[in-house]
Amino acid sequence: MAQPPPYPTQGAYPPPQGQQPPPAYAYVPPPQAQGPPPAAAANQAPPKQQKNQAPPKQQKKSGGMFSSFMKEMDKVGKQISKEIDYASAKVNETVDQHYSSALLDMFKNGNSVQLISRLTGRCVQIVIDAHGLMVLDANGVCDPNAFNSVWIVTNEGNNQVRLHNSNNYLAIENGHVIVKPFASGSVLGPETKFQLSQTQFQFVTLESLNARGEHVGFLPTGQVKPAKGTIKDNGSMFGVKLVASSYPQVTVVKK
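Under UniProt numbering, the residue at position 243 of the sequence shown is numbered 243, and the numbers go up by one with no gaps.
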């Protein structure tokens, strides 16, 4: 099997040199954390209302009962919220697994595709960084001849896919989006498996099936984002360009 040409070197990010970082956060202690007020003068008599003021025993007791009640209600509310979130996630998973469209059909087994970042308008590609390692960015040329931005699809059903370029797989591992090489024919790890989801009719997202909630995403500069904390937003949405397919293409002829 012929080896592909060497991957190109990494492109134009991070941001330009000389760009100032944001100012440091100025911490201001909250009022309750400030020191006590100055002590009263020695010859100053304390206010009479302080002498005659009854200890707020009843207030503490009442407040304690109310506080306990509110804590229990808060627990119930959080539990209900968790159950609603869980049910919603399960519904979304079912929809993603059974949804079909012309866009998702581009990810048939064996097809070759390019992923176009919604933020950069360029393709996701493999490049070599300054340390000689394979990394990803979204600054690639969207041309079928740009071999390093073409991904071969392995579709395992239910819109669950793996994407590779010359057996270098797109993966999410330890909260990071990486390129992970595998020998041809070897057993692939769960970090290379993604749930496809169509959003806003014309884009797809790639969510890790090994770490649910973590998505492939990029910054406006083209730099890859940490998968942990990356949700379904503009940075994780991709247009799809079909490069090659062994399946017959349906042509609609209007009479």
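The set of hints was computed from the structure by calculation and includes no laboratory data. It is possible that part of the hints are untrue.
Taking lysine to aspartate or glutamate and the DMTMM-like style, the derived pairs with C-alpha atoms no more than 20 Å apart in a straight line are [what the hints assert, rightly or not]:
{"#": "1", "residue 1": "LYS193", "residue 2": "ASP74"}
{"#": "2", "residue 1": "LYS180", "residue 2": "ASP129"}
{"#": "3", "residue 1": "LYS193", "residue 2": "GLU156"}
{"#": "4", "residue 1": "LYS225", "residue 2": "GLU191"}
{"#": "5", "residue 1": "LYS232", "residue 2": "GLU191"}
Please read all numbers here as calculations on a predicted model, not as lab measurements.
Quick rundown of the hints versus the structure:
About 37 Å separates the Cα atoms of LYS193 and ASP74, which puts this hinted pair outside 20 Å; it is violated. Distance hint between LYS180 and ASP129 is fulfilled; the C-alpha atoms sit about 15 Å from each other, no more than 20 Å. Straight-line distance between C-alpha atoms of LYS193 and GLU156 comes to about 9 Å, which keeps the hinted pair within the 20 Å bound. Only pairs whose Cα atoms come within 20 Å are accepted, and LYS225 paired with GLU191 is accepted, the gap being roughly 16 Å.
Of the supplied pair hints, the one linking LYS232 and GLU191 holds, its CA atoms being roughly 19 Å apart against a limit of 20 Å.
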